Structure formats: structure tokens, C-alpha cells
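Asker: Take a look at the letters that make up each chain.
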Amino acid sequence: MGLVHADEMTLNIGPQHPSTHGVLRLKVKTDGEIISEITPIIGYLHRCFEKHCETLSYEQIIPFTDRCDYIAAMNNNFGYVLAIEKMMDIQVPERVKYIRVIMAEFNRIASHLLALGTFGLDVGAYTPFLYMFRDRERILDLFEITCGARLLYNYMWVGGVSHDLPIGFVEASYRFLDEFEKNTKEYHNILSYNKIFIERSADVGVLPKDVAIDYGVTGPNLRGSGIKWDLRKDEPYSIYDRFRFNVPVGKGTMGSVGDCWDRYWVRAEEMNESVKIIRQALDKMPRDGDVHEALPKKVRPPKGSIYFRTESPRGDLGYYIISDGKGGPTRVKMRSPAFTALSALSEIASGWMLSDVLVILGSLDIVLGEIDR
Amino acid sequence: MKKYFLNIWETVKTLLIGLGITMKHMFKARKGNVTLQYPEEKWPRPDRNIGFDLSNYNVIRSKLHVDIDDCIGCRKCERACPVGCIKIDTLKVPKGTDLGLTSGGTTKRLLVSRFDIDMTECMFCNLCTYPCPEDCIFMTGGPNSEKQPLDYEYSQYDKKNLIFEFATLTKKEIKKFTTPPPPQQEILKND
Amino acid sequence: MTIDNIIIWFQSWLPANFSIISLYLVAVLIAAIAIFAIMAVNALVAVYAERKISAFMQDRIGPMGQGPGLHAGKWGLLQTVADTIKLILKEDIIPRAADRKLFIIAPFVIFLGAFIALAAMPWGPNLIAADMNIGIFYILAVSSFGVIGIILAAWASDNKWSLFGGMRSAAQIISYEIPAALSLVAVILLGSTLSMQGIIESQAGTVWGFLPNWNIFNNPFSFFAFFIYFIAGVAEVNRTPFDIPEAESELVAGFHTEYSGMRWAFFFLSEYGNMLVVAGITVVAFLGGWQSPIEGVMQGAWWGLFWFLTKMTGVIMIMIWFRWTFPRLRVDQLMSVAWKVLLPIALFNLFGVAIWTLLVG
Chain V
1 MGLVHADEMT LNIGPQHPST HGVLRLKVKT DGEIISEITP IIGYLHRCFE
51 KHCETLSYEQ IIPFTDRCDY IAAMNNNFGY VLAIEKMMDI QVPERVKYIR
101 VIMAEFNRIA SHLLALGTFG LDVGAYTPFL YMFRDRERIL DLFEITCGAR
151 LLYNYMWVGG VSHDLPIGFV EASYRFLDEF EKNTKEYHNI LSYNKIFIER
201 SADVGVLPKD VAIDYGVTGP NLRGSGIKWD LRKDEPYSIY DRFRFNVPVG
251 KGTMGSVGDC WDRYWVRAEE MNESVKIIRQ ALDKMPRDGD VHEALPKKVR
301 PPKGSIYFRT ESPRGDLGYY IISDGKGGPT RVKMRSPAFT ALSALSEIAS
351 GWMLSDVLVI LGSLDIVLGE IDR
Chain P
1 MKKYFLNIWE TVKTLLIGLG ITMKHMFKAR KGNVTLQYPE EKWPRPDRNI
51 GFDLSNYNVI RSKLHVDIDD CIGCRKCERA CPVGCIKIDT LKVPKGTDLG
101 LTSGGTTKRL LVSRFDIDMT ECMFCNLCTY PCPEDCIFMT GGPNSEKQPL
151 DYEYSQYDKK NLIFEFATLT KKEIKKFTTP PPPQQEILKN D
Chain E
1 MTIDNIIIWF QSWLPANFSI ISLYLVAVLI AAIAIFAIMA VNALVAVYAE
51 RKISAFMQDR IGPMGQGPGL HAGKWGLLQT VADTIKLILK EDIIPRAADR
101 KLFIIAPFVI FLGAFIALAA MPWGPNLIAA DMNIGIFYIL AVSSFGVIGI
151 ILAAWASDNK WSLFGGMRSA AQIISYEIPA ALSLVAVILL GSTLSMQGII
201 ESQAGTVWGF LPNWNIFNNP FSFFAFFIYF IAGVAEVNRT PFDIPEAESE
251 LVAGFHTEYS GMRWAFFFLS EYGNMLVVAG ITVVAFLGGW QSPIEGVMQG
301 AWWGLFWFLT KMTGVIMIMI WFRWTFPRLR VDQLMSVAWK VLLPIALFNL
351 FGVAIWTLLV G
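Chains as they are written, first to last, in the numbering used here: chain V, 1 to 373; chain P, 1 to 191; chain E, 1 to 361.
Don't read these hints as lab results, they were simulated from the structure. Among these hints, one or two may not hold up.
[What the hints assert, rightly or not] Beyond 12 Å from chain P on every Cβ pair, some chain E residues (computed):
(1) ILE104
(2) ILE178
(3) GLY198
(4) TRP356
[Claimed, not checked] Listed next, the stretches of chain V that the computed footprint assigns to chain E, with coverage defined by at least 3 CB atoms under 8 Å from CB atoms of chain E:
(5) 120-126
(6) 192-199
These numbers come from a predicted model, not from an experiment. Don't be surprised by glycine CBs; every beta carbon is placed ideally from N, CA and C.
My request is simple: use the sequences and hints to build the entire structure.
Answerer: See below:
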């Protein structure tokens with residue numbers, strides 16, 4: 001009597017699916033429930049960002065960088081303008097530096113709220129998603145009174161920012177931060193410490209340290225695996241060295257180190273740290289100053305190239321810009337952190353069940369706009 | 001064995017806490033409600049007082065509008081647009097023709113025969129409004145509400161209706177301005 | 001007003017040689033139409049209630065309307081009517097590779113499962129379509145009829161995702177039958193009868209003077225049996241936290257992905273019908289059925305209907321509350337909850353109730 005051999009079927013978690021965060025196709029080989037192999041197929045959102053940049057001038061590229069990682073647009077702008085200012089050796093006024101950090105950290109909170117909310121949605125909890133979005137709406141309102149746009153801002157320009165902060169922004173942000181700290185407790189009660197949620201996400205999709213480093217995973221995914229690496233602390237750019245904040249690291253409180261719960265926890269704690277940074281920045285910010293005084297007449301960096309990296313909510317966002325001395329770049333390359341996170345998916349998700357694959361994908365927090373550019 | 005019962009107790013406790021939170025929200029529904037019943041209730045445009053003398057700068061992202069009487073045809077907005085949704089054609093007029101002044105006092109030297117903005121391509125980045133020397137291109141509403149009221153509900157059934165043509169010259173006027181006048185000196189000589 | 005009563009009423013004013021078979025058929029038809037009407041109205045009202053309650057829990061207001069005209073009535077009351085009309089007018093799509101006959105039959109099989117269980121539900125002191133003396137046994141037997149429909153739907157859709165959903169659902173429903181049945185056996189022991197009206201009547205009286213003598217308050221073992229039955233019942237209906245078969249974020253819509261229009265509406269109707277059945281059994285077995293909580297106050301034939309509907313509505317609201325609060329369990333965790341947690345506790349409960357009945361009487 002020979003062995004009974006169960007056939008494997010190839011399943012397609014297609015580009016249109018409620019749970020893939022964007023248009024992502026996953027080809028999955030399974031024998032019923034346990035997955036043996038996953039192949040992500042990307043490219044459905046490719047918009048030729050890097051090729052398009054070759055025909056534009058430096059200021060015109062800024063709205064396009066927004067659209068790559070459309071959830072954390074301020075951080076994309078931030079990395080790009082810092083790279084060009086370093087090439088051109090521009091010193092921006094103090095107020096501009098503080099404004100940029102405040103905006104970047106607000107966007108980090110908004111991005112993490114979305115990541116956690118959609119993670120809850122993947123697991124089946126419909127309500128925390130809406131609570132987190134209600135808070136995210138308040139952040140987007142703050143952005144709206146500053147620059148008019150809610151999601152894609154075109155806010156940080158080379159040498160400054162496009163609009164100064166309106167009157168009432170500082171008070172409104174203090175009010176928001178106070179209320180937000182109360183709400184984080186509610187999120188923990190309804191989602192983080194919920195036993196069903198812990199059962200779903202603890203010990204699932206463990207990303208070991210060496211695998212993470214091999215694949216080049218950065219950001220909260222790396223910190224969830226126990227490695228303490230944050231570009232804001234280890235290679236500080238802009239004025240991050242003036243603020244005191246901690247870097248949360250996954251410790252395996254509910255399962256093993258590097259499981260989905262740890263990554264979730266790192267993001268939740270990072271929101272609290274961002275609140276601290278914003279409070280310190282609002283306190284120390286100079287009350288007046290012209291935000292447009294360092295705007296160059298023409299943005300023409302000297303010949304050369306630069307690779308500059310910043311910490312976006314998804315990880316290590318890098319810009320490699322080659323300039324020829326003209327008004328537009330010769331080549332812009334964006335190193336997207338979600339790309340490396342997605343490439344680690346096939347390694348950590350094999351051997352789990354189908355429901356777990358979607359939980360792991362949700363915990364990696366990918367944005368297809370950034371992966372496909 | 002003990003872990004088994006501890007597990008069950010943990011589960012029941014956290015589930016009851018979660019239930020309490022949703023019940024609390026359900027009873028506070030009237031106060032905590034965040035829904036805006038559009039179109040009966042509309043989100044009020046925030047009052048934009050930025051306290052610095054940059055009140056010319058628009059922070060609204062709505063429909064683009066051009067005061068064509070103020071346009072001098074410099075094409076700075078066309079060059080600034082990253083997607084190329086503004087299309088301008090200008091005509092040189094013969095020397096001495098008086099085209100009038102803009103509201104800021106500048107003499108107009110070029111005739112704008114075509115000024116099309118394709119709002120389906122526009123990405124609302126506002127980069128065209130900054131370089132205009134006469135402030136004639138702006139997004140409606142906001143600080144420019146006196147010139148043009150706020151308009152963000154301009155959806156159409158046909159895509160072609162979203163290409164807004166701002167130039168107001170008729171074909172006859174264009175023809176009049178591009179054909180040169182008969183030379184006056186010749187007639188006098190032959191007299 | 002059971003079917004027998006209807007037949008007797010007919011015989012009282014019709015000529016005596018009317019064939020009893022045709023009277024029987026007419027009586028059964030009347031009862032069937034009444035039950036179908038209850039299921040349909042229940043779907044309309046329960047869907048509206050679910051949307052509104054879930055909206056309030058999520059800090060928003062659900063469907064709203066501003067009055068007659070273009071809108072959905074004041075407070076969105078006509079929303080479900082509008083949805084029903086839309087579903088009727090929708091195009092009926094059957095995938096080419098699907099098995100046509102099975103595809104068409106499947107929604108009706110599931111509907112049947114809920115429908116025939118409602119035939120034995122006691123709506124009031126003498127409002128029951130079929131007053132059998134094995135009521136609860138009959139309901140337990142037919143309540144897993146719906147599994148056949150789910151498997152038919154999953155198989156006939158010719159879609160790997162639906163197949164996943166169907167298989168998971170079959171395993172889930174079959175596993176949760178057992179703790180449900182065991183906790184109901186505890187109730188049967190307490191009432192010493194299998195008939196529905198008998199179980200309700202055995203819950204008359206009070207405990208400690210003021211609490212009504214419902215099975216939930218009677219003894220501590222049946223108190224736990226109530227929770228076991230309720231959790232198993234929620235799992236039977238495929239509601240969150242056990243809604244893996246139709247897990248929205250994973251399998252799009254599970255076993256009914258390929259159904260659209262009125263066929264999908266039948267699935268929906270059956271889901272709410274099943275909820276009605278489970279809520280009904282909970283109320284009958286543990287919460288005293290059509291009896292009022294205070295002795296002597298508001299008791300009688302039509303008051304009984306009122307109490308029954310109120311308690312059933314309460315149980316349905318708790319199911320809705322559960323759905324919007326908890327994340328969902330993975331399939332193997334679901335199974336381990338059924339076999340490793342609920343089953344031992346249900347067995348222990350049964351033992352405890354038996355000892356209690358022996359000692360305390």
C-alpha cells in the first residue's frame with residue numbers, strides 16, 4: 001500500500017482582494033490549508049516614477065514623491081528635499097526645521113494608525129479600524145488647515161516649506177495630542193490585549209534576526225525582531241538629535257521575538273514616541289521666522305550624486321540622485337523599505353495556514369505604491 | 001492543567017473588556033458621532049488666517065480659475081506644471097497695438113489666444129499658482145473668494161467638459177490682430 | 001393555534017365530508033406562510049438593526065434619510081426595502097463552469113434548514129406550528145441540515161475560494177453540534193421532558209423568591225450550560241468570532257462568492273433565519289420562553305408572544321454586539337475551542353446537572 005499523496009493546488013490571491021494592501025498578486029501553492037510556497041507578483045501599480053523624474057525639474061518631482069508612499073507622504077518629501085539641500089549646501093532657518101519634524105512625526109502617527117487599523121481588519125476586528133481612522137482624520141484636518149491637502153501635500157520644498165503654520169495650529173495640535181493619548185489606552189483594551197487577537201498573531205510569522213538582516217528589512221519590521229536600529233537615533237538627520245525619545249523593540253512578550261504581535265506592538269509604541277517628539281518640538285519651536293527665506297532662486301545642484309536615507313514609517317527610505325548641473329536630475333532612484341519587507345514574505349510565511357498568510361502580510365505593512373513606484 | 005483554566009479566564013476577561021468598550025461607544029453615539037451627512041451638511045472650509053503677509057498664497061485645492069484679463073502670457077504656469085495640463089498659445093501683436101493694462105498696472109504685450117486647463121490631468125499640487133506675476137491663476141475659494149467663490153463640486157458626465165477654456169478671443173478678433181494693417185506710408189507717398 | 005387547532009376550526013364551519021387531507025394541506029400552508037413571513041420580516045428588521053447598532057458602536061450613524069423623496073425614509077427605515085428591490089432587479093449570473101442544477105438548489109437547501117426548524121418554535125402558550133412531544137430532539141436533528149446546502153454551494157461554484165469556505169464551514173458546524181446538544185441535554189434533564197412547551201412550563205415559579213425560575217438561574221451548572229450553548233450557537237450560525245467560512249477579509253465572501261442578486265439574498269435570509277432559530281432555542285431552553293419575568297404580571301396568550309419576541313430580540317442583539325467587537329478565530333483554533341474547551345465543560349456540566357437533579361430534586 002503506497003503512501004496517499006495529496007495534490008497541491010496553486011491558488012491565486014488575486015490583484016483584487018480586500019486584504020492585500022493595494023494591488024498585489026500572491027501565487028500560493030497549498031495542499032488545502034498549509035502553504036508551501038508563496039510568490040508575490042508586483043508591478044500592477046507601476047507608474048514609471050523614476051523614468052518620469054528624468055524629464056522634470058527638481059521642484060516638479062516633489063509632488064511625485066508624495067505619490068509613491070501615499071500614506072506617509074510628508075516623510076517621502078522630507079527625504080527628497082534633505083538630499084537636495086545636502087547637495088546644494090543650503091541652510092534652512094530653524095523654524096523650518098522644526099516644522100518639518102512636526103509634520104513628519106504627525107504623518108508617522110497617521111501612517112501607523114492606518115497600519116494598525118487595517119491589520120485589525122485583516123484579523124476580523126471591524127471596530128478598532130474605525131476608531132483609529134477617526135483619530136487619523138483629526139491629523140489630516142491639521143494638515144488641511146496648513147497646506148490645503150489631506151493626503152498628498154507637496155509641502156516640503158527645497159529650502160523651506162510651502163506654507164507657514166496657521167494661527168491656531170499649535171493649540172489644535174496640543175488638544176489633539178492630549179486626546180490621542182487617552183485613545184491609545186482604548187485601542188489596547190479592544191485590540192492589543194484581546195485574547196483572540198493574541199491567539200491569531202502571537203508566534204505567527206516569526207522573522208528571525210538573521211533572516212531580517214539578510215533580506216535588508218528595516219524599520220518597525222526589523223525592530224520587531226529585536227534589533228534596535230532607528231535612523232533617527234543611529235544616523236540622525238535634520239534636528240532629531242535634539243529630542244529625547246525611546247526606540248521600542250520587540251521583546252516577545254506574548255509569543256516569540258519577531259512574531260506579528262511584536263511588530264504590531266512596536267508600531268503602537270512608536271506612536272507614543274512620536275507624540276513625545278511632537279510635544280518637545282512644539283515647545284522648542286521659534287515663534288517667528290520667515291519660512292521662505294532660504295528658497296533658492298533656481299534649484300541647480302552641482303554635478304555629483306548623493307544617497308540620502310531617512311526613517312519613514314515603513315523603514316529606511318533612501319534617495320539616490322545623480323545630478324548633471326542642470327535644472328532637472330539625470331537619475332532619481334528611490335529605495336523603498338516595503339519592497340524588502342515583501343521579499344521576506346515568502347520566507348516567513350511558508351508552512352503557515354492561509355489565514356495566517358494574510359495576517360503576516362498585514363503585519364509587514366506594505367504599500368504597493370512604494371513597492372511599484 | 002492550571003494553564004488551561006488560566007487561559008480560559010484570560011479569554012473571558014479580555015473579551016468582556018472589549019464588549020464594554022463597544023457598549024460604551026454605542027451609548028455615546030450622539031456625542032461621538034463623526035459622520036457628516038453630505039450633501040445636506042458640508043464640511044466648513046477652515047478659516048485660513050496664517051498671520052503672516054502671505055495672504056496671496058492659496059491653500060485651497062479646488063478648481064483652477066484664470067482671470068484672463070490679467071494674464072500677460074508669460075507662460076510661467078505652463079512651465080511649472082509637472083503634468084502639462086495647462087496649454088497656452090500666445091500671439092505677437094504688431095508694434096503699437098494697445099492691449100490694455102492688467103489690474104496690477106502691467107502693460108500686456110502678448111495676446112493669449114488659447115488657455116486650456118485640463119482638470120482631469122491636474123494633480124492639485126498648486127505649483128502653477130506661485131510663479132504667476134499677476135496672480136491671475138488661482139484655485140477658487142480661500143483667500144481669493146471675492147474674485148471667484150469656492151467650487152469643488154464640478155463633476156461632469158463627459159470628460160471633455162472638464163477641459164476649461166479661459167481664453168475669450170473670438171476667431172475674428174484673432175484674425176484681426178494677426179494680419180498686419182496696410183502700410184500707411186505707401187498711400188501717402190503715392191498721393 | 002397549532003396546526004391541529006386550525007384543522008379543528010376549519011371542520012367546525014365546513015361541511016362534514018370535506019376531505020381531511022385537503023384541510024391538512026391548507027392548514028400547513030397557512031402555517032408555512034406565517035413562518036416565511038416571520039423569517040422575511042426578521043431579515044428586514046435584523047439587517048436594519050445590525051447596520052444601525054454597528055454604526056453606533058463605531059462612532060458613526062448608519063443609513064440615514066431625511067424624510068420622503070429621494071432618501072431612504074426618516075432614519076433610513078426604508079433602506080432595507082430599497083436593498084431588497086435592488087437585489088430583485090439584479091442580473092442573475094451563473095458562472096459557465098458551475099454545476100447549474102446544484103448551484104440553483106443550494107440556497108434553497110440552506111433556507112430549508114432554518115425554515116423547518118422554525119416549525120417547532122413555541123411563539124406563545126398555544127402558538128406553535130407543530131406541537132410535538134419531541135420538540136427539542138427534532139430541532140437538534142434538523143438544525144444541521146444547512147451544512148448540506150453550504151457544501152453544495154461551495155462545490156457548485158467551481159471556485160477554489162468557495163471550496164475552502166465550504167469545507168471549513170462543514171467542519172465547524174459539525175463540531176459545534178456536540179457541545180450544543182450536550183448543553184441542551186442538561187436542560188432536558190432539568191425539565192424531564194423533550195417537548196418545547198413542556199420545557200417552558202417547567203420553568204414556572206421563582207428561585208429565592210424573586211428571580212424567575214428560568215433554567216439559567218436554576219442551578220450553577222445550567223448557568224454555565226447557557227454560555228456553552230450560546231457560544232456553540234453563534235458558531236453554528238457562522239457569525240464572528242467564528243465566521244471563517246465567510247471571512248470577508250480573507251476569502252472575499254467564502255462559499256457564497258459567486259452568488260449575486262436574489263440568490264445571495266436567500267443566503268442572507270437563511271443566515272438571519274438561523275440566527276432566529278438559535279436565539280429561539282436559547283430563549284426556550286434557558287430564558288423561560290414565553291413566560292414573563294415577574295410572576296403573574298403580563299401573563300397570557302398574547303403577552304407570551306410579546307415576551308418571547310422581546311427575549312429573542314435581546315439575544316440577537318447580543319449576537320450583533322459580539323460580531324462587531326471581536327476578531328475572528330482561525331480554523332484550527334476554532335476546532336480546538338470546540339473539542340478541547342467546550343466539550344469537556346459541557347460533559348462536566350451534564351454530570352453536574354444530573355447530580356443536582358438527583359440530590360436536590
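Asker: Taking the earlier hints as the rules, which of them does this structure contradict?
Answerer: none
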